[in-house]
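Note that the protein sequences, when read in sequence, are chains Z and D.
Just so we're aligned, residue 1 is where the first sequence starts under the working numbering, counting upward by one.
Just so we're aligned, residue 1 is where the second sequence starts under the working numbering, counting upward by one.
Misleading hints may appear alongside valid ones.
Residues of chain Z clear of chain D, computed beta-carbon distances all greater than 10 Å [what the hints assert, rightly or not]:
(1) G153
(2) M247
(3) R295
(4) R347
EDC-like cross-link-like pairs, simulated, lysine to aspartate or glutamate; straight-line CA separation at most 16 Å [said to hold, decoys possible]:
(5) K212(Z) / D97(D)
(6) K212(D) / E287(Z)
(7) K238(D) / D33(D)
(8) K335(D) / E360(D)
(9) K303(Z) / E287(Z)
(10) K238(D) / D41(D)
Calculated directly from the structure, the hints in this document are not laboratory data.
All residues carry an ideal CB built from backbone N, CA and C; glycine is no exception.
Number of protein chains: 2
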Amino acid sequence: MPIVERLLLGPGPSNPYPEATEGLARPLLGHLDPAFLRILDETCDRLRAVWRTDNPLTLPVSGTGSAGMEAAFVNLVGPGDVVVVGVNGLFGERMCDVAARCGAEVVRVDAPWGQPLDPSAVLGAHRSPSIIALVHAETSTGVRNDVHAVARGKGDALLLADCVTSLAGIPVDIDGWGVDVAYSGTQKCIGVAPGLAPFTMGRRAWERRRPKPQSWYLDLGMIGDYTASMASGQVARKYHHTAPVAMVASLHAALGAVLDEGLEAVWARHEANGRALQDGLEKMGLELWAPAGYRLPQLTTVKIPDGVDDASIRRVLLLEYGIEIGAGAGASAGKVWRIGCMGHNARPQTVSLLLAALAEVLGR
Amino acid sequence: MPIVERLLLGPGPSNPYPEATEGLARPLLGHLDPAFLRILDETCDRLRAVWRTDNPLTLPVSGTGSAGMEAAFVNLVGPGDVVVVGVNGLFGERMCDVAARCGAEVVRVDAPWGQPLDPSAVLGAHRSPSIIALVHAETSTGVRNDVHAVARGKGDALLLADCVTSLAGIPVDIDGWGVDVAYSGTQKCIGVAPGLAPFTMGRRAWERRRPKPQSWYLDLGMIGDYTASMASGQVARKYHHTAPVAMVASLHAALGAVLDEGLEAVWARHEANGRALQDGLEKMGLELWAPAGYRLPQLTTVKIPDGVDDASIRRVLLLEYGIEIGAGAGASAGKVWRIGCMGHNARPQTVSLLLAALAEVLGR
Numbered sequence: 001m002p003i004v005e006r007l008l009l010g011p012g013p014s015n016p017y018p019e020a021t022e023g024l025a026r027p028l029l030g031h032l033d034p035a036f037l038r039i040l041d042e043t044c045d046r047l048r049a050v051w052r053t054d055n056p057l058t059l060p061v062s063g064t065g066s067a068g069m070e071a072a073f074v075n076l077v078g079p080g081d082v083v084v085v086g087v088n089g090l091f092g093e094r095m096c097d098v099a100a101r102c103g104a105e106v107v108r109v110d111a112p113w114g115q116p117l118d119p120s121a122v123l124g125a126h127r128s129p130s131i132i133a134l135v136h137a138e139t140s141t142g143v144r145n146d147v148h149a150v151a152r153g154k155g156d157a158l159l160l161a162d163c164v165t166s167l168a169g170i171p172v173d174i175d176g177w178g179v180d181v182a183y184s185g186t187q188k189c190i191g192v193a194p195g196l197a198p199f200t201m202g203r204r205a206w207e208r209r210r211p212k213p214q215s216w217y218l219d220l221g222m223i224g225d226y227t228a229s230m231a232s233g234q235v236a237r238k239y240h241h242t243a244p245v246a247m248v249a250s251l252h253a254a255l256g257a258v259l260d261e262g263l264e265a266v267w268a269r270h271e272a273n274g275r276a277l278q279d280g281l282e283k284m285g286l287e288l289w290a291p292a293g294y295r296l297p298q299l300t301t302v303k304i305p306d307g308v309d310d311a312s313i314r315r316v317l318l319l320e321y322g323i324e325i326g327a328g329a330g331a332s333a334g335k336v337w338r339i340g341c342m343g344h345n346a347r348p349q350t351v352s353l354l355l356a357a358l359a360e361v362l363g364r
Numbered sequence: 001m002p003i004v005e006r007l008l009l010g011p012g013p014s015n016p017y018p019e020a021t022e023g024l025a026r027p028l029l030g031h032l033d034p035a036f037l038r039i040l041d042e043t044c045d046r047l048r049a050v051w052r053t054d055n056p057l058t059l060p061v062s063g064t065g066s067a068g069m070e071a072a073f074v075n076l077v078g079p080g081d082v083v084v085v086g087v088n089g090l091f092g093e094r095m096c097d098v099a100a101r102c103g104a105e106v107v108r109v110d111a112p113w114g115q116p117l118d119p120s121a122v123l124g125a126h127r128s129p130s131i132i133a134l135v136h137a138e139t140s141t142g143v144r145n146d147v148h149a150v151a152r153g154k155g156d157a158l159l160l161a162d163c164v165t166s167l168a169g170i171p172v173d174i175d176g177w178g179v180d181v182a183y184s185g186t187q188k189c190i191g192v193a194p195g196l197a198p199f200t201m202g203r204r205a206w207e208r209r210r211p212k213p214q215s216w217y218l219d220l221g222m223i224g225d226y227t228a229s230m231a232s233g234q235v236a237r238k239y240h241h242t243a244p245v246a247m248v249a250s251l252h253a254a255l256g257a258v259l260d261e262g263l264e265a266v267w268a269r270h271e272a273n274g275r276a277l278q279d280g281l282e283k284m285g286l287e288l289w290a291p292a293g294y295r296l297p298q299l300t301t302v303k304i305p306d307g308v309d310d311a312s313i314r315r316v317l318l319l320e321y322g323i324e325i326g327a328g329a330g331a332s333a334g335k336v337w338r339i340g341c342m343g344h345n346a347r348p349q350t351v352s353l354l355l356a357a358l359a360e361v362l363g364r
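Required output: the full structure, derived from the provided sequences and hints.
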């Protein structure tokens, strides 16, 4: 099959950092090889730096971001546990489904898709929930929810945050904010192919975990005994499953690039390029969907102008320009485009190219 | 970090086929890009050829082989279901754990580690089990179990086979044998990095599946709506999770190499090289652990000679020769080495090198 090349400006995957691609293609190592274990340990250390946490249990879960979501819930939630979920997009909806499959009593707090959650509504939804869960950066709407505000008021509840699209794109501060458990995905701002879920869990959550979760594959006690256990000292290296070594090596390399640039510089780069994209779209006469103050720089939702055919514009961009942008999802399907500016793609060149191509295709 | 290169002759991962590495490093595509969906469809077709099945629901699960195991059980097993599990190694043990977490009443049928299961004992263990499960190629012992014999006598039960180490190494014939559900891993004879679980499920199993399994991530109804649904016609391409596109491209390429060589030729190559390795070990005065007639060519277990230090021999092979072989596992720990000869490594050069290196290190 011929090699096809795309500029991936949809909601993810994004084009990997060159370091990530190089890491992916290195000679494969065994999952118990000391040379690989050094890479794994350093990957966990780098994840701690990117998550801004000292949590010993910080590691890449061996599945995509959604496996990270499932790992968070199955290890903490059992039948009858009250889980408050903030829902203002597809991934909040997904949390409700995942929690319910663990037997949770799910208390939904809805906000309209395209609007942020109201932290006080989330905090006031139940007297004593086991867990309060919300999505930091809603990939389906381009809206940022205020995780920090919810964390400040969580009380005895555990706070669970979906950081799939936020980590390494906008500020995330696990320890500073008091987030108890969080997961991400590699294919967004981290700039690696999809396949791993960076994960972190603090001691408070660990002490309330289910000793034998319904998932064997995502049992963090067993995974931690191989990768990075709660005990801060020596890891047992007890075999659980075969680590996805090539993907871990790729993540290791991309995190190295991110930390070499500096986490705050990476945030600033996402901010600057995302805002340039949004300004350019508005200058073209297009209307942004997410409200000012809650717009994600790394994922822009823009309204499809009246009379413009959603699918045909995306098809022309893809097939003639090699540029992928995303359709809407769920309640935003057919109403907006989702334009990612994540990781390696958060650069002036990609913003300029996208704006130029879109103007040509729309005749503006 | 310096690049380290190894010859991976442990129980997996094995060194990928060169085509797999090339596929892994290709430019990344979006998970809904028509160019990627062609690769995905062709990957599923190639998996059908390698599994020898027409099952529409044949696809790569987005996790390692153990995620394949969990996908098989969570979609088919609920509280109180009777599951007969043949146990003669670590992965039979694991099946019991996974099934129990689904609420199954697990009926174990044990054989000593290092010996094959008795098919009639497995078939006679319960009057009317929902599922009979066994491991085809026990990676922990190097023993082949007779899946075909168990399949012939399964009656109304569903037959579930772990083919992690068998697929694309020794004959597997899903439709010919009457296996209802099976999974594998990419990092053994398929010759790809670890991270995906080739999976197949037949109509009989599909009709008895749980409509809402306890796992959202491994819900085959939802996954099939994106990847390869039970309906043989058009797939809905409904977004579930972001497919691990780089790993799928790598699997696509490796399966192409396997099918270009010819599946029967690939089996013959594993057989010839595995037997050459085993003959060579015996000529060196070493004793094979698995009994003749049930020895896997792709994974050899050989007894550690008296007075020889297990770990130090493996360390010298690894650090001086760049060759990884495996320690024993579970009941075989400290008693045997496990030597893989899988996928791209099932070649005369690797056999000769391993035999030469081992003779030098053992002073034989």
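(message) Hint compliance check: list the failing hint numbers for this structure, sorted ascending.
(response) 2, 6 and 8
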